[in-house]
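Novice: Chain by chain, the residues:
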Amino acid sequence: MKRTAILSSVMAAVMLAVSVTFGQEGENLWSSGTAHTLPQGRWEKGLFQPLRFGLSDTKELRLNPLISLLAPHIHLKVSRRPVGGWQRAYRYGIISPTPLLRMVQRAGTGGFLADDPDIGEVPWMVMIRQEVLLSRPWSRGLVTLKGGVAVALGAGDIDSRLQIELPVIYPRLALYHSGYQLNFGLDVSAQLSQRLVLLGDADLFFSPALDGPAWEHKGMMQWNKSDRLQLSFGYKLTYTPFPWGTQWHLIPLFDLQIARQRGSERL
Amino acid sequence: MKNKPFISLAMLALGCEPLVTTFDEVEPAVYYEAASITEVAAPDTLLVMTWNIKFGGGDINFWFDCHGERVIMTETEVLGNMQALAAKIRELDPDILLLQEVDISSKRSAYVDQLQLLLDNTSLNYGAFASMWQVQYIPSEGLGRMNTGQAVLSKWDVADAQRIPLELIGDQDALTQYFYLRRNILRATTTVPGIGNIEILSIHAAAFSTDGTKKKHIDRFKLELDQLHSAGVTFFAGGDLNTLPPGSTQLNNFDDSVCEAEEFQAADDHSEEVDWLNEFYADFPGGYFPAVPLADYLANNSAYFSHSTDPVEGYKRKLDYIFTNSSAGWVGGSHRTHQEIASASGALSDHCPVTVQWVAP
Numbered sequence: 013m014k015r016t017a018i019l020s021s022v023m024a025a026v027m028l029a030v031s032v033t034f035g036q037e038g039e040n041l042w043s044s045g046t047a048h049t050l051p052q053g054r055w056e057k058g059l060f061q062p063l064r065f066g067l068s069d070t071k072e073l074r075l076n077p078l079i080s081l082l083a084p085h086i087h088l089k090v091s092r093r094p095v096g097g098w099q100r101a102y103r104y105g106i107i108s109p110t111p112l113l114r115m116v117q118r119a120g121t122g123g124f125l126a127d128d129p130d131i132g133e134v135p136w137m138v139m140i141r142q143e144v145l146l147s148r149p150w151s152r153g154l155v156t157l158k159g160g161v162a163v164a165l166g167a168g169d170i171d172s173r174l175q176i177e178l179p180v181i182y183p184r185l186a187l188y189h190s191g192y193q194l195n196f197g198l199d200v201s202a203q204l205s206q207r208l209v210l211l212g213d214a215d216l217f218f219s220p221a222l223d224g225p226a227w228e229h230k231g232m233m234q235w236n237k238s239d240r241l242q243l244s245f246g247y248k249l250t251y252t253p254f255p256w257g258t259q260w261h262l263i264p265l266f267d268l269q270i271a272r273q274r275g276s277e278r279l
Numbered sequence: 115m116k117n118k119p120f121i122s123l124a125m126l127a128l129g130c131e132p133l134v135t136t137f138d139e140v141e142p143a144v145y146y147e148a149a150s151i152t153e154v155a156a157p158d159t160l161l162v163m164t165w166n167i168k169f170g171g172g173d174i175n176f177w178f179d180c181h182g183e184r185v186i187m188t189e190t191e192v193l194g195n196m197q198a199l200a201a202k203i204r205e206l207d208p209d210i211l212l213l214q215e216v217d218i219s220s221k222r223s224a225y226v227d228q229l230q231l232l233l234d235n236t237s238l239n240y241g242a243f244a245s246m247w248q249v250q251y252i253p254s255e256g257l258g259r260m261n262t263g264q265a266v267l268s269k270w271d272v273a274d275a276q277r278i279p280l281e282l283i284g285d286q287d288a289l290t291q292y293f294y295l296r297r298n299i300l301r302a303t304t305t306v307p308g309i310g311n312i313e314i315l316s317i318h319a320a321a322f323s324t325d326g327t328k329k330k331h332i333d334r335f336k337l338e339l340d341q342l343h344s345a346g347v348t349f350f351a352g353g354d355l356n357t358l359p360p361g362s363t364q365l366n367n368f369d370d371s372v373c374e375a376e377e378f379q380a381a382d383d384h385s386e387e388v389d390w391l392n393e394f395y396a397d398f399p400g401g402y403f404p405a406v407p408l409a410d411y412l413a414n415n416s417a418y419f420s421h422s423t424d425p426v427e428g429y430k431r432k433l434d435y436i437f438t439n440s441s442a443g444w445v446g447g448s449h450r451t452h453q454e455i456a457s458a459s460g461a462l463s464d465h466c467p468v469t470v471q472w473v474a475p
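Keeping their order, the protein sequence lines are chains A and B. Every position in the first sequence, counted from 1, becomes a number in our numbering once 12 is added. Every position in the second sequence, counted from 1, becomes a number in our numbering once 114 is added.
Honestly, the hints are just simulated from the structure, not real lab data. Here a beta-carbon is modelled for each residue, glycine too, at the ideal position from N, C-alpha and C. There are no misleading hints in this set.
Some chain A residues near chain B, calculated using beta-carbon distances under 7 Å:
| no. | residue |
| --- | --- |
| 1 | A119 |
| 2 | T121 |
| 3 | G123 |
| 4 | F124 |
| 5 | L125 |
| 6 | A126 |
| 7 | D128 |
| 8 | P129 |
| 9 | R173 |
| 10 | E177 |
| 11 | L178 |
| 12 | P255 |
| 13 | W256 |
Footprint (simulated), chain A over chain B, 3 or more residues, beta carbon under 8 Å:
| no. | stretch |
| --- | --- |
| 14 | 183 to 197 |
| 15 | 217 to 225 |
| 16 | 242 to 255 |
Can you make the complete structure from the sequences, with help from the hints?
Specialist: Take a look at the structure:
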């Protein structure tokens, strides 16, 4: 039965990895998830979190190197001058999930999508997303508002059976069935001590392919051992309108992130 | 009980609903009721029927039979097949119906609640359901969500419905076993006006077992019937036993068995099962009254064949049964094995229904 627990963990990890890959940034544990960008030359990478790199003090790149082999993607965040006390940023993302989805469209174990001749192969699809982020300090933390729109190209009239009815993944794949999706979110962080940070967020997804909005909430505790090492753990609570009805899911989260500053021995 | 910590882990990882519902103990079954109740007068004769409906798959060739590669049906396909099944049930008009392979919320059948659909489209009014495979997500073949099982339907109220768990296949690895089917006996009571209480039992015994699990399922079914009979309870019991009657002339090498996998070939070789149903067919009261008397079957096996993986080419073996302990037995000559549901133009299921009449003594 240990293998059952292992399988569950692997599936949970797949969910998280794919959720990040499918274009919804938000698990930006150290300094992201906000309208702020990394300093020029700094990079951060977690076990599950994607690689983020500060191209300049106002531009940040993000990608998951391993998953990009199966789902080519890149995300760029550009910060702008504050307005009315709100730091502004725009996030742009592009991804093609097709190779990853085709990999799991198979017979036997690991078949998340049916290799059914009546359904056909997953078509070549590209998603383009743009989001606006607004952040401002409050008390001992930071509050961030975000809103975005994503458009799927190439999905056409993709077969409705090409869906993976799992939390986190299902609302993101809905984009390819409706052609577009809107998302709105709120992130709040609070500095509990010099090294402890509490994060909470809520995200809403709207898509014509969903029978109502999908809702996700994350709560995380971060322990910043230094500017180079961070441990985090928490949970994600999801409310998903599946075809058979809405369901709640609670998913444990944890991560270990490291960071370095290019051109500097120590941050 | 030893599985509980791991099940809890799976719940934690994948949600507030268990990844796999394990049904460790005898549990209440799920009750159903037609959207509109059809009033039925006190009957003189009851028609009892059993049918494995292949989750509304009709004559679609699925991957598991090796005749095709289909996995997930469209909603249009499912509704079309289910309406055809409902039409056949309306035509035969059973008073009591035992069903196997009924999907109530499965991706492969477009999440159609097939039991509710049948109740709403026939003159049957009440039902009970016991799942044999309830999994949030099966990460294999693209199956996804699954909830399928047996049902009993009646024109009269159904009560005291129980799901009696059967032994799991023992020679599977733990992971496969965790995600695999959990067979059971569905038992319920229907109260027929002017006749009284009758116990209805529906079983779908293991198909793919090489460790004797199927024999254990059949023996457990017999034990359940013996206990009811000892208690003086009248029963109609049946379903898909996945084994052949005693004296069957062909036991293996069926020409519809095209899967080459060892497991499938072993499952379709019944040469070691020749005496497994002897106790059912023994003279009453040690045995019980079969819908199709053994003498009729032995005189012409093929007339009573009820299953084929390719029914358009004809049914190849008898797997579906109904028994009673009523002292009057069934109405002589009233049994029918409805092979007409398959023809060159298609089939309603890979199993055909069996019906038989009963008159209260």
